[in-house]
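Below, each chain spelled out in residue letters.
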Amino acid sequence: MEQQRPPESIVIDSVSKRFTLRHARSIREMTIRAVRRQELSESFNALDDVSLTIYQGETVALMGLNGSGKSTLLKMISGVMRPDRGSVRVRGRIAGLIDVGAGLHPDLTGRENVYLNGAILGMSEAEIKRKFDAIVEFSGVERFMDNQVRFYSSGMFMRLAFSIAAHTEPDIFLIDEVLAVGDPPFREKCLRRIRELRGEGRTMVIVAHDIQMLTRLCDRGVTLRKGKVVFDGDPAEAGRLWREDRQARQAALKKADAVR
Amino acid sequence: MSAVDAAPPAELPPLVAPGTDGGLRRALKDRYLLRLLVRRELKARYKGSLLGLGWSYVRPAVHFSVYFFVVGVFLGMSKRVHHFPVYLFSGMVLINLFTETLHSCTRSITGNAPLIKKVFLPRELFPMASLLVSLVHFLPGFAIMLAGALSYGWRPDPAGLAAAVLAFAIVVVLGLGLGLLCAGVNVFFRDLEQVVDILMIVITWSVPMIYPWVHVRDQAPGWVLDLYLANPLVSAVSLFQRAFWYPTTPELFEFPPQLYGRAGVALAASLVVLAAGVLVFSRAQQRFAQEL
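Taken in order, these protein sequences are the chains called A and B.
Reading the first sequence from the start, the letters are residues 1 to 260 in our numbering.
Reading the second sequence from the start, the letters are residues 1 to 292 in our numbering.
By construction, these hints were calculated from the structure, which means they are not laboratory data.
Keep in mind that this is a model prediction, so the values were computed, not measured.
Quick reminder that beta carbons are idealized off the backbone N, C-alpha and C, glycines included.
A couple of the hints might just be wrong.
Short, incomplete list of chain B residues facing chain A, as computed with Cβ under 8 Å [stated by the list, open to error]:
| # | residue |
| --- | --- |
| 1 | Pro-13 |
| 2 | Leu-15 |
| 3 | Val-16 |
| 4 | Leu-28 |
| 5 | Lys-43 |
| 6 | Phe-120 |
| 7 | Ile-201 |
| 8 | Ile-203 |
| 9 | Gln-286 |
Could you put the whole structure together from the sequences, leaning on the hints where they help?
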């Protein structure tokens with residue numbers, strides 16, 4: 001029997017995004033820069049004609065150096081940013097573990113934050129009520145649910161935030177740099193939860209800096225270099241390319257140091 | 001086994017561009033999130049303070065006392081305007097609602113930058129929440145004003161209530177419209193915050209709340225009066241005074257000419273401002289994440 005491809009989940013079609021870095025904001029700074037004949041602003045391509053189709057149930061790692069466009073691409077998928085050119089289309093509900101904790105408010109208690117952040121991530125009141133106990137248990141901060149979050153340790157903070165996001169049950173799950181947090185046992189728990197969500201056939205796009213972990217977790221790797229897709233396929237190979245980039249950059253930095 | 005395992009082919013949701021289902025309507029539909037955002041705002045503002053929400057009584061009370069003693073007693077306005085405390089306070093609650101809405105809407109996007117940069121939410125939620133918080137603050141002041149008016153012999157009359165509703169509508173629509181406009185623009189030009197703060201002083205003194213409008217008529221040239229009366233807030237304040245203060249007096253006070261006609265135009269103008277605000281905001285919000 002011919003195996004059918006699952007339906008597309010995320011379709012990115014020749015997306016470009018240009019960022020402008022402004023060096024001067026105030027009139028005073030602008031005048032000084034103009035007098036010295038320095039550039040007022042500088043622009044660069046964060047994403048350059050990127051096309052990528054991700055199918056339902058895939059777990060895809062985005063790899064590349066800092067500034068290669070991974071996070072920008074993730075923001076395009078989540079809808080936080082719009083592409084300058086090209087189009088992004090997605091199917092179903094998206095939730096992101098993008099810098100978890102952005103939605104947690106330090107002046108509210110843990111309990112209030114579960115409701116607020118749950119709603120921010122797209123859950124309904126009934127859904128949060130149903131999952132409340134599971135969220136609290138997963139986070140392991142039961143005893144502090146009625147304390148203001150500002151008094152939490154950074155580990156507790158991240159655990160609660162991850163726990164809320166991990167219970168949102170979206171169709172597409174975006175994960176950015178969050179797996180580096182927490183102590184090893186909690187990290188293991190997070191990874192287990194991600195595998196569980198993957199097992200339920202959800203689409204996942206992951207950005208992280210741990211190549212080994214990504215290679216084990218994902219079934220497809222995409223390497224970005226200066227806003228362009230340079231490799232798409234086996235995660236081990238994508239990881240190897242990324243490692244090369246890193247080494248090249250380190251060597252370049254050393255050289256620059258030696259010259260100086 | 002396969003019969004159990006094979007889930008029925010679920011209806012596939014369509015492929016859509018993310019982050020396009022925003023807008024004011026969507027923000028209003030998500031009532032639960034809006035309610036939580038309002039609660040967060042209120043809790044966070046009065047965190048760790050002994051008086052808590054009580055501060056929303058203290059601020060207008062101090063404002064009122066200063067105006068009452070300086071303008072009413074020392075400058076003798078109480079002798080010229082019947083029941084001056086009611087006159088002053090009925091305008092003040094409305095203007096406070098307007099200035100607070102404008103002030104907090106302007107900061108609502110820059111103040112929530114971490115969230116807006118990370119998670120896609122209909123961005124209109126934030127100015128909407130600011131407006132609702134201002135309304136929560138408006139209620140105690142309004143209740144005190146009603147109690148005061150009652151003690152001066154005020155009784156509700158249909159025409160007065162209609163005037164109050166019209167005034168309220170002008171203030172809310174204009175406040176949200178300008179608020180959306182300023183919230184969007186403030187992301188690109190942070191100077192606007194300062195401009196809005198200065199504007200709030202101008203607004204307080206450019207409406208007939210501390211003095212009656214006839215002073216402008218008698219002292220200023222005709223074109224200044226025309227300009228003055230063209231301000232939608234002047235109509236709104238006059239209508240509120242018509243509703244809550246005028247019935248307590250011998251009803252000899254002369255309101256600005258064609259008050260209702262001007263108020264109707266003011267409401268229409270406010271609706272235009274709201275439409276412009278919604279439009280500018282929805283255009284601007286596409287670039288919020290990269291500008292913040």
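These are the hints, each one checked on the structure:
1. Pro-13: Check passed: Cβ of B/Pro-13 comes within 5 Å of chain A, closer than 8 Å.
2. Leu-15: OK, holds: B/Leu-15 within 8 Å of chain A, min 4 Å.
3. Val-16: OK, holds: B/Val-16 within 8 Å of chain A, min 6 Å.
4. Leu-28: violated, 15 Å
5. Lys-43: holds, 6 Å
6. Phe-120: holds, 4 Å
7. Ile-201: This interface hint is violated because 24 Å lies over the 8 Å limit.
8. Ile-203: Violated: closest Cβ of chain A sits about 27 Å from B/Ile-203, beyond 8 Å.
9. Gln-286: Interface hint status for B/Gln-286: holds (5 Å vs cutoff 8 Å).
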